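Participant: Residue numbers (my numbering), protein chains in the order written: chain G, 89 to 450; chain R, 31 to 326; chain B, 48 to 353.
Everything labelled a hint here was simulated from the structure, so no lab data went into it. Predicted model only: the values in this text are computed from it and were never measured. Please note that a few of the clues may not be correct.
[Claimed, not checked] Below, computed lysine-lysine pairings styled on DSBU-like, alpha-carbon distance capped at 30 Å: (1) Lys111/R <-> Lys98/R; (2) Lys313/R <-> Lys94/B; (3) Lys218/G <-> Lys199/G; (4) Lys94/B <-> Lys155/R; (5) Lys111/R <-> Lys268/R; (6) Lys155/R <-> Lys302/B; (7) Lys255/G <-> Lys199/G.
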Amino acid sequence: MSRVALEGITKRFDGTVALSDLTLEAQDEELLVLLGPSGCGKSTALRIIAGLETPTEGTVRIGDEVVNDREPRDRDIAMVFQSYALYPHMTVARNIEFPLRARRVPVEERKHLIADTARVLGLDELLDRKPSQLSGGQRQRVALARALVRRPAAFLMDEPLSNLDAKLRVQTRAELVDLQRRFRATVVYVTHDQVEAMTMGHRIAILDHGVLQQVDEPQRVYAQPANLFVARFIGNPPMNTIEGRLTAAVDRLTFESAGLTLALPAPLASAARAAGLEQAVIGVRPEDLRVDQAGSISAKLTLVESLGHERHLILRLDDGQPLVARQPAEAAVPRDGEAVRLAAAPDALHLFDPSSERRVEP
Amino acid sequence: MTAGAPSIAVPGPAPATVTRPRRSRPGLRLVGRYLLLSVLALVVIFPIYITVVNSLLPAPQIAARPPKFFPSSPIWSTYDKAWSNGHFGHYLFNSAVVTTIIVVGQLLTAILAGYAFAFLKFPFKRTLFVIFLATLMIPFEVTIVQNLTTVVDLGLYDTYAGLALPFLATGFGAFLLRQAFLGIPRDLEDAAALDGYGHWRFLWRVAVPLARPAIGALGVFAFLTAWNQYLWPLLVTKDDRLRTVQIGLRQLRSASIEQVNVTFAGVVIAVIPLAILLIVFQKQLIRGLTAGAIKG
Amino acid sequence: MTAPPATDAPVAPGPRRRRLPDWGLGYLFLLPALVIFGVFIFFPFAKNFELALYRSPPFPGLPRTYVGFRQITDVLGSGDFRHSLWTTVLFGLLTVPTGIALGLVLAVLANQRLRGVAIYRTIFASTVATSVAVASVIFGTLMNPQVGLLPWLGINPSPAILDNPSWALPAVAIATVWQNLGLSFILMSAGLQAVPGDVLEAAEIDGAGPVTRFWRVTVPLLSPTIFFAVVVGSIFAFQTFGQIDLLTRGGPQNKTNVLTYFIVTQLREHQNPGTAAVLSIALFLITLLLTLAQLRLLERRVHYAR
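Please take these sequences and the hints and turn them into a complete structure.
Facilitator: Below, the structure written as structure tokens:
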């Protein structure tokens, strides 16, 4: 296994910029997730690593070698496509065998590798079937087997779970993680699903419109989002972001907006002062807002969504800014249209600079 | 999926599956691709190209060795000669008339038949459809013996009618239009019926406009085959006044060698109308040509 | 399978019109086509069987004589027929595989994502505008010993190509293949759309070079189209006429006397409708048998998408 690195990759397509100066590295034996909304460039980045696209600028490294000029088949990588891209006219066994035949692996070794790989992925019974006779989940495993059988330096996966139904997706997710750990494989994994990203990745790289927003371990992406985009993208329901202004009062800094005042904790306040901010955006996750008569946030309740184990309160501030709060099912149900008071723990507050959209580090 | 320790050796030194990486330059590969394509394109277009060139060369230059690949002083009189002395203007007219009759005929019969099979109910419909398909099994060449006699007996030898009549209907056309009409949603039929549309109006006001792609495809296909017909015009016309452009080429061909440039001018005249049509209607052309080949 | 007809339900009040019942209309709509088919396809086809039984006199105007099956056995047993059949088969073997292979190669090459590839595609498809007559005149001139280019290129056998018993048929085949190239290219290109791009990319990543990808992925997935091209191409090969008439007139030494040409010469030059009719029936049967044989033997190897 090797590391995979993109250095300063820019990709332009006829005027649009798909990737902008992307520098990213999947370390040896790491599962790096490329996460982002449709069109953010994550698939393009993956295809550039594979060699299916050439970058306009920048370098691609696999291991320590620059592979820009190498054909995909000489890069020692394997790819699992979203559509699986199985050879429809070949049996499962032949599908798995194909990369080995292409590389002139001797017959005996081929048979051995195919049998082993098939066993690991539970495909023993299916070896003589054609892809059209398989279920979606089975096809996905054949695609995995075909990639696995080669023992490549790195695996590239392009939304491999998107075409599976929800239940199968959860199951396969766990199996993929297991496989990755067992084989100590370097994997670059593209998805738009943040749950996959959070549960599978050693690190997550978030992209928006071709620009890297943040690359970090899942927990840190969640707790310390680098900017408003990441803050709003990660989390379900997403983080609340409230626009307002900062007023200095005595030795404290207060954030004020329609119907709410929040005192900034000291570390955050000094950072804000140092940055000379007057306008700010406060971020607070729905789970960090609780209904509290004594709270300093006043909002109107417009909708209650009951999910069984918890409740989402859809609220609105006086100036129309939306707010979502999560409360456990045991808590008292407020009524629609009611004015509700909420409180937020001071250390659950995030502060963002409205112009740069970056988070202010306390 | 089986749990438990992997029985495959955890990746250590890679087995002999890694190929020696080749250092190839993408720029060179790209040039190679364009080169191959260009060479092949040259080979394919060469006969047409040399025809056009030769049609503009004065007679002595045609037999020049090495051959001239570009006319230094093109003469356009060859076209004039082909057109008037060679009667190609007239042949063009004949081809146009006959082809138009055939195309209109095929479209009409196909539309009517396709509509009948798609929307109307009548006894023996399935049998009749099989009969239509059976016509596809009988190559035209197998019918010429009697058809020639028929045409002569009907007094249609050396007439436009004689040239066009056998081709006014094809099983292929009926099949194509039936498919197209079957694709029209049932709801439209019902809505039209409620609106008081009878079959005739529904056919021309709703069905035909919706089946335009198939009709276009059939039209182009019919034009192509009719324009390029050789055997039948050869058999049923003798009079130069009725000659089509393809048979006209036959005439020119037998002319003397010195007339090669005029012959080639005739070829160009024969090809140009078709070429223009095919360029304008290429989408329909492709649809018409591939209608049978692609599943679904 | 067929859509139910539009209802002839009672309609908003209006002037009473006598409406044809559905089936009357159905027959009416089919009538024009059926008349054409009857007169110009089915009747002539059936008439062949009657004509086959009569021999025509050498002079027109005299009545024909009934000879029964003798004529059929005579014609089909004749060396001329056997030779013509063999020539036709040979011609088919020369043109059909070549045409398909070339169309396929061009289609694959023109399927790449390159800038300006549309120009190449237009050129490769261009011969679809040429007719048999056009191609024959062009190639006939190119091969002409006096003004043709091939002699200049050094290809100057004696006798000249089109008069050369060994070269005449291949020469006509070349003209035919060229003329059909556009159609073959268009057909194969359309078929290529059915080959999923990501499967080819997967093959590339799996280590298959362009040639391997071609043989192991593209061609198998194109097999329905190729099969169609083989069947239809064979049928058309058996109907070859124009090129022979324009280039070699059946010669030299009968070396290009394909079946259809044989039929037409019997009809026109020898005034032998009886013989022509026998040959026509033979042509039909052979074409039919060939198609059935191909369906039987080859379709098994065709991979159809689900």
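Participant: Now tell me, hint by hint, if it's right for this structure.
Facilitator: Taking the hints in turn, this is what the structure says about them:
As the CA atoms of Lys111/R and Lys98/R are separated by approximately 21 Å, the hinted pair is consistent with the 30 Å bound. Restraint check: the Cα-Cα separation between Lys313/R and Lys94/B comes to about 40 Å, which exceeds 30 Å; the hinted pair is violated. The hinted pair formed by Lys218/G and Lys199/G meets the criterion: a straight-line CA distance of about 18 Å does not exceed 30 Å. A threshold of 30 Å between alpha carbons decides the hint, and for Lys94/B with Lys155/R the separation of about 26 Å falls inside it, so the pair holds.
Proximity of Lys111/R to Lys268/R is assessed by CA-CA distance (about 22 Å); at most 30 Å being required, the pair is judged to hold. Straight-line distance between C-alpha atoms of Lys155/R and Lys302/B comes to about 47 Å, which puts the hinted pair past the 30 Å bound. For the hint linking Lys255/G to Lys199/G, the alpha-carbon distance of about 33 Å lies beyond 30 Å, and the restraint is violated.
Of the numbered hints given earlier, the model fails hints 2, 6, 7; all others are met.
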